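Asks: Please model the entire structure based on the sequences and the hints provided.
Number of protein chains: 2
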Amino acid sequence: MTVSRMSTLFLRTLREDPADAELPGHKLLVRAGYVRRAAPGVYSWLPLGLRVLRKVEGIVREEMDAIGAQELAFPALLPREPYEATGRWTDYGDNLFRLVDRKGADMLLGPTHEEMFTLAVKDLYSSYKDLPLSLYQIQTKYRDEARPRAGLLRGREFVMKDSYSFDVDDAGLEAAYQRHREAYIRIFDKLGFDYVIVKATSGAMGGSASEEFLAVSPDGEDTFVRCEESGYAANVEAVVVPQAGPVPADVVAATPAACEVETPDTPTIDTLVAVLNEKRPRTDGRAWTAHDTLKNVVVALVHPDGHRELLAIGLPGDRQVDMKRLEAQVAPAEIDDATDADFARHPELVRGYIGPAALGLRGEGEEQTGVRYLLDPSIAEGSAWATGANKPGFHVVDLVHGRDFIADGTVQAAEVRDGDPSPDGKGVLRAARGIEMGHIFQLGRKYAEALGLKVLDENGKLVTVTMGSYGIGVSRAVAAIAESNHDDAGLIWPRNVSPADVHVVATGKDAAIFDAAAGMAESLSGEGIDVIYDDRPKVSPGVKFKDAEIIGVPTIVVVGRGLADGVVEIKDRRSGERREVRVDAVVAEVLAEVREH
Amino acid sequence: MTVSRMSTLFLRTLREDPADAELPGHKLLVRAGYVRRAAPGVYSWLPLGLRVLRKVEGIVREEMDAIGAQELAFPALLPREPYEATGRWTDYGDNLFRLVDRKGADMLLGPTHEEMFTLAVKDLYSSYKDLPLSLYQIQTKYRDEARPRAGLLRGREFVMKDSYSFDVDDAGLEAAYQRHREAYIRIFDKLGFDYVIVKATSGAMGGSASEEFLAVSPDGEDTFVRCEESGYAANVEAVVVPQAGPVPADVVAATPAACEVETPDTPTIDTLVAVLNEKRPRTDGRAWTAHDTLKNVVVALVHPDGHRELLAIGLPGDRQVDMKRLEAQVAPAEIDDATDADFARHPELVRGYIGPAALGLRGEGEEQTGVRYLLDPSIAEGSAWATGANKPGFHVVDLVHGRDFIADGTVQAAEVRDGDPSPDGKGVLRAARGIEMGHIFQLGRKYAEALGLKVLDENGKLVTVTMGSYGIGVSRAVAAIAESNHDDAGLIWPRNVSPADVHVVATGKDAAIFDAAAGMAESLSGEGIDVIYDDRPKVSPGVKFKDAEIIGVPTIVVVGRGLADGVVEIKDRRSGERREVRVDAVVAEVLAEVREH
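Here the protein sequences come in this chain order: W and V.
Using my numbering, you'd call the opening residue of the first sequence number 44 and step up by one each time.
Using my numbering, you'd call the opening residue of the second sequence number 44 and step up by one each time.
Source of the hints: derived by calculation from the structure; they are not laboratory data.
Being a predicted model, the structure only gives us computed values, none of them experimental.
Any given hint could turn out to be false.
Any copy will do: because identical chains look the same in the list, a pair fits if it lies in one copy or spans two.
[Stated by the list, open to error] Straight line, CA to CA, 27 Å or less: simulated DSS-like cross-link-like pairs of lysine-lysine:
no., residue 1, residue 2
1, Lys322, Lys242
2, Lys497, Lys469
3, Lys70, Lys165
4, Lys322, Lys233
5, Lys497, Lys146
6, Lys172, Lys552
7, Lys581, Lys165
8, Lys504, Lys581
9, Lys614, Lys589
10, Lys469, Lys504
11, Lys581, Lys497
12, Lys165, Lys589
13, Lys172, Lys581
14, Lys614, Lys552
15, Lys165, Lys497
16, Lys70, Lys589
17, Lys146, Lys70
18, Lys146, Lys367
19, Lys469, Lys581
20, Lys172, Lys589
21, Lys581, Lys614
Replies: Next up, the structure:
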């Protein structure tokens, strides 16, 4: 293997945090000379960064090969037609990089390759005997993210492993899904960060069963919940809150008729609750709380074809709408704030006082021109609410769902909170944040149908193939590893993915020291391990130590004054533990450390 | 290493040539299941193709590492600004894939990465002590070729190794250039096709000394010439024909005055020569030949900024203008046919009878509104010509260069022909065709100046860095190897790049045969070599043999009826030689064959 000499290695460590970095791991990747930003969300890989990337690729490749998946490589520059056939040319919206070639043909930069894999199998295969089949690629992908952030975690150009399984029936798909799931567990066990497997939604991809592998991180963009009691775990986007059971009939019968209350100056739920407690105390003796109010939130849905529609969501006043959860429900439409112009088109919506009576597409014989109205599943049939009266300065109390108002359906859009009951009824949810590192799901027949991928079954009948789709963010994994493996002094690479196995530092000016250190570096390299050797003649020991710490190779060997007494120091970067070792034992000691792993 | 079973390998061989393939090697790459076209000039790599591509990458990487070049990876999606600073945003013309991101920022897909490498070095380095430096990447590049053709040979998405050297002075650049040249020789020696190293032009890249590595192939797009006597070799675009010496003064003095001749119905040089020989025989007793006529060819130059200009080229009537040679001279402008509209703007040009008198920017005090006029260097000062008289039906004879007309300069645009004298005066040129596989050149300071890459020299003075640029077409190399290594039955991979070391074929229906063949495949794989094993139970021996031939692995082992007698057959794919080998010796024999290489 190689010896990389610091005197020539294309690397400069930075003392200052880069302006474009937010997360601690990403700051260190830039400061330690692993990556540099080329454009928003677009990164260059410097020599050490590229080595880590390749090691992650190698781990992923090994496990994909082990489950019999076959590697190939599709282009990133793709024709429009297949993506038109599946609807994704439009559904991907602004996230798709589109371009026009010199002949005027529409092309795109592939965000994922379902279409290309489906067409390749259609091209080559025709019989159930050809299946099952799993194919994969490790390839550069493109998505024009609205808010590229957090360095490599959400880039616009990124490396991804995507694989696809092809089966004749659902049992085959289930088996392929499980094989991938197990391979992913082996991969993520090797990568060196904590992760959880959670239920997921499938977003714009279509399909059914779906799980995500999330790296647990307070800086993650995803929120997930886990129930210790039952083992339930899900991305909050995928949590399905059960529908609250109906209120008993006698309770409903005892609820007074709905009644308007003058509520001036109640711009917030809190002020509304205060006014109600003062002017219209509850008949049951409890005080009004935010949870007794029904908040109606209006947003705009922007459909891929550009059509804009308002949507009202009714939920208890003590909950917020979780826009990411809502987006997962309405995809491929996107969510936008409702604007003054939107409200102008709907004069029935009295801002600050919107109530159910003005909402919903239903109507009694009238045209359905209202705003679609969806309720949170916690709003039980028969429950009574304080809510807007659709006129300025007025709310209404004792408005009963099913008696005084109905909605067009329910929606899973309210925030899910730490401490909420688990949807399986078996305990309490705990919330944490994570970074999506892998996603596996049973895509089903959506793409095969759109692109006509059929094979002859045992009876000579054409059947549509069912597919699974499985992704790992390879460049993102480098970032996740960095976020999970660092301290104040720098990065601390897990041995599996470290850019080198050992970092040899020669200190002082004594030629004997440099000779001995160079000899060790060569001996170690001759044993098949990668070495960084700090041979810089005029750099102080302090700077060399700092550089070794920030670069983060797991084993550091310091050759210095001790050499005169026949000893060198071996330092463990993670534990900080140092020990002195006889010069003639150092190669064996380091090899043992590298190989024990 | 792996055993790839034909029963599951994602591969189907085709009997028919694909409609989109022109060249024999490319047809075979498609028919044997190595690549598939995804869009014009854009290819997908199927499993076996990807293996060959990776092996070529490995050979290139090994030799680049050996000369101390350091690998990194730049993005393909790049911001406009650096390419604007060097002028290439415009100069690349329609060959550049441009796109606009969701925020309206101009971006491009990198055709080569001079700008990015230059900026990276500027970012990290600041002193002469940091140099010399060589960096490289093996990366996917994009060019929107006007005529993507010949499969992988000229793709719009392709894999390239590009490297760059950085030095403080010309001697350093020269040394870096030589190191790359030697590495390239080692690489191309390993790749398995005949190649030549020829002088080259640097095209739109700027720079000076420049050589190309061409794979010799009758299907190549490039024409090169070689002089056996002197060793001179050049791409025809780079041939510099010496300026012909002046005609002796006494000869010029003896040339009669120019004289118009009525030459109706002379649409071609041949008809003109015939008419002249009939109506106006030469005074020196020789017959008129095409070589005595001065042909004036008018083309349109389209500059990167869209400006369109006419250009007239004067050359002997027995030569054609070589448009590629001309393009190399006028780059970054492109050549277009002169249109009726172009001629309409220049009424002085009488089509079919254009002569020097109507050409040239010069004028006597008048405005310079003429068409720029450049002469072939074979047009000697003092030589006399038959040429157009600028009026319909008339030519002029005895028009003497320097006496009766002058031009605006010379141009290296005439075709170079087999048998032409070598420009070094030492023999005769022989012409052949080739495929550009590598290009090395001394770029100089163009990019460093445009982007401000300076370092402090030994005296603390800022000096501009000088650069070299070196490219190898990696995916193109796969195609060139295929073009050079095949027969009627299929591909014949050199062992270095073969997708597998050995192809084991089990024939018949006997379980013992399949067991023995599977055992051999496993044993060989256990010895560290890659095996394709044809285990398909219901496929005839004939089809299996045909598949093995077209796939082209260098060693084929056939396990069949001979097994009963304890023998199997080893076939050399290239020579066709077969021999019987004892079953218990086959693994050792195959290993010897693989390793002797």
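Asks: Next, verify each hint and record whether it holds.
Replies: Hint check:
no., hint, in the structure
1, Lys322 <-> Lys242, "neither (46 Å within a copy, 95 Å between copies)"
2, Lys497 <-> Lys469, "neither (43 Å within a copy, 67 Å between copies)"
3, Lys70 <-> Lys165, "between (45 Å within a copy, 20 Å between copies)"
4, Lys322 <-> Lys233, "neither (63 Å within a copy, 91 Å between copies)"
5, Lys497 <-> Lys146, "neither (33 Å within a copy, 41 Å between copies)"
6, Lys172 <-> Lys552, "between (70 Å within a copy, 19 Å between copies)"
7, Lys581 <-> Lys165, "between (63 Å within a copy, 22 Å between copies)"
8, Lys504 <-> Lys581, "between (77 Å within a copy, 21 Å between copies)"
9, Lys614 <-> Lys589, "within (13 Å within a copy, 60 Å between copies)"
10, Lys469 <-> Lys504, "neither (46 Å within a copy, 74 Å between copies)"
11, Lys581 <-> Lys497, "between (68 Å within a copy, 23 Å between copies)"
12, Lys165 <-> Lys589, "between (56 Å within a copy, 23 Å between copies)"
13, Lys172 <-> Lys581, "between (67 Å within a copy, 12 Å between copies)"
14, Lys614 <-> Lys552, "within (21 Å within a copy, 62 Å between copies)"
15, Lys165 <-> Lys497, "within (7 Å within a copy, 55 Å between copies)"
16, Lys70 <-> Lys589, "within (16 Å within a copy, 57 Å between copies)"
17, Lys146 <-> Lys70, "between (43 Å within a copy, 25 Å between copies)"
18, Lys146 <-> Lys367, "between (39 Å within a copy, 22 Å between copies)"
19, Lys469 <-> Lys581, "neither (65 Å within a copy, 54 Å between copies)"
20, Lys172 <-> Lys589, "between (60 Å within a copy, 22 Å between copies)"
21, Lys581 <-> Lys614, "within (23 Å within a copy, 61 Å between copies)"
The structure fails hints 1, 2, 4, 5, 10 and 19 (numbered hints given earlier, in ascending order).
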